[in-house]
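**Q** For reference, the chains in residue letters:
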Amino acid sequence: MGKKGYIILAVSLVVASAAFYFYRKTRAFVPTQESAKHPIEIVFNP
Amino acid sequence: MNFKIKIPLIQTEPDDNFKTDLIKSSPVMINKYGAYFRLAAALTNLPVQVLYSMGMVESTGQHYKANGSVIVTGAEQSTGIMQISPNMFYEVYMKEVRGGRISPELMAKVSSYLPIDFKSKSTPQPATAALKAQVLKALQDPQFNILASAIVLRRLLEESANADMTMRLDKAIVKYNAGLYVAAAKTTEYQTGDTAAVIKVAPAITKGYIVKVVGKNGAMYYFLLNKIS
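Residue numbers (the numbering used here), protein chains in the order written: chain A, 1 to 46; chain B, 1 to 229.
Mixed in with the good hints, there may be bad ones.
Computed spacing ranges between beta-carbons, pair by pair [unchecked claim]: (1) A:P46 x B:P115: 31 to 37 Å; (2) A:S17 x B:P115: 17 to 23 Å; (3) A:Q33 x B:P124: 22 to 28 Å; (4) B:R98 x A:L13: 37 to 43 Å.
Hints in this document: simulated from the structure, not taken from any laboratory. From the three backbone atoms N, C-alpha and C, an ideal C-beta is built for every residue, glycine too.
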């Protein structure tokens, strides 16, 4: 692979990572049968 | 793995009138309805302080008007102490039942107030006028009102959770207060922003609501600081 190939690979990785990060951030949690049983812990920082 | 709710979510404080209400009216609400709140919290795996806080903001802990009738407001017929609307409860509870998320104990409790077969494919969504009237009648009982609200809040909180299981009470409040399909919930600010960003896009009436519940010296803060459970 030449220099151009490495640049294309690097750019593709950055774009894919950004897309995955955005997807994870915007994706709503989907409530499941199991998740209804999970307790909720309160993190209180007065 | 546990869900988490962080408090406070914003350093903004509610107005002094609300802080006074917390001191003066929340003990009255808890004396009167505390057992209902604690049972609803236990049946839905919710911290009871979430329910106390919503009750204080929605109605200052009042289920009835001075004339003895139940408080019902607006076109949505938001009812009673938790100002829960029949349509919202009906839609959310049907999803919860069909998703297998309601324990037998909780289902038995709901059925004792509302004998509707939510599992049946023939039960319509949205509710017919007759079914809606049935839900409205059930919501006039303060115990069922609090339980119905807890069921809705549990689902809205789970839907608000990030990948790390941190729930966003501010986001749940937007849908609870302004409706499940409110436009604000479709914005980037709501989906990826912090509480300040959510407040920015929330409907006017909801902005203050969020601060009252999750702000510094707000309701959650008050109940947790004073170890009220």
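**Q** Are the hints correct? Go through all of them and say.
**A** Going through the hints against the structure:
1. A:P46 x B:P115: 31 to 37 Å: violated (45 Å)
2. A:S17 x B:P115: 17 to 23 Å: violated (53 Å)
3. A:Q33 x B:P124: 22 to 28 Å: holds (24 Å)
4. B:R98 x A:L13: 37 to 43 Å: With Cβ atoms ~41 Å apart, the hint holds.
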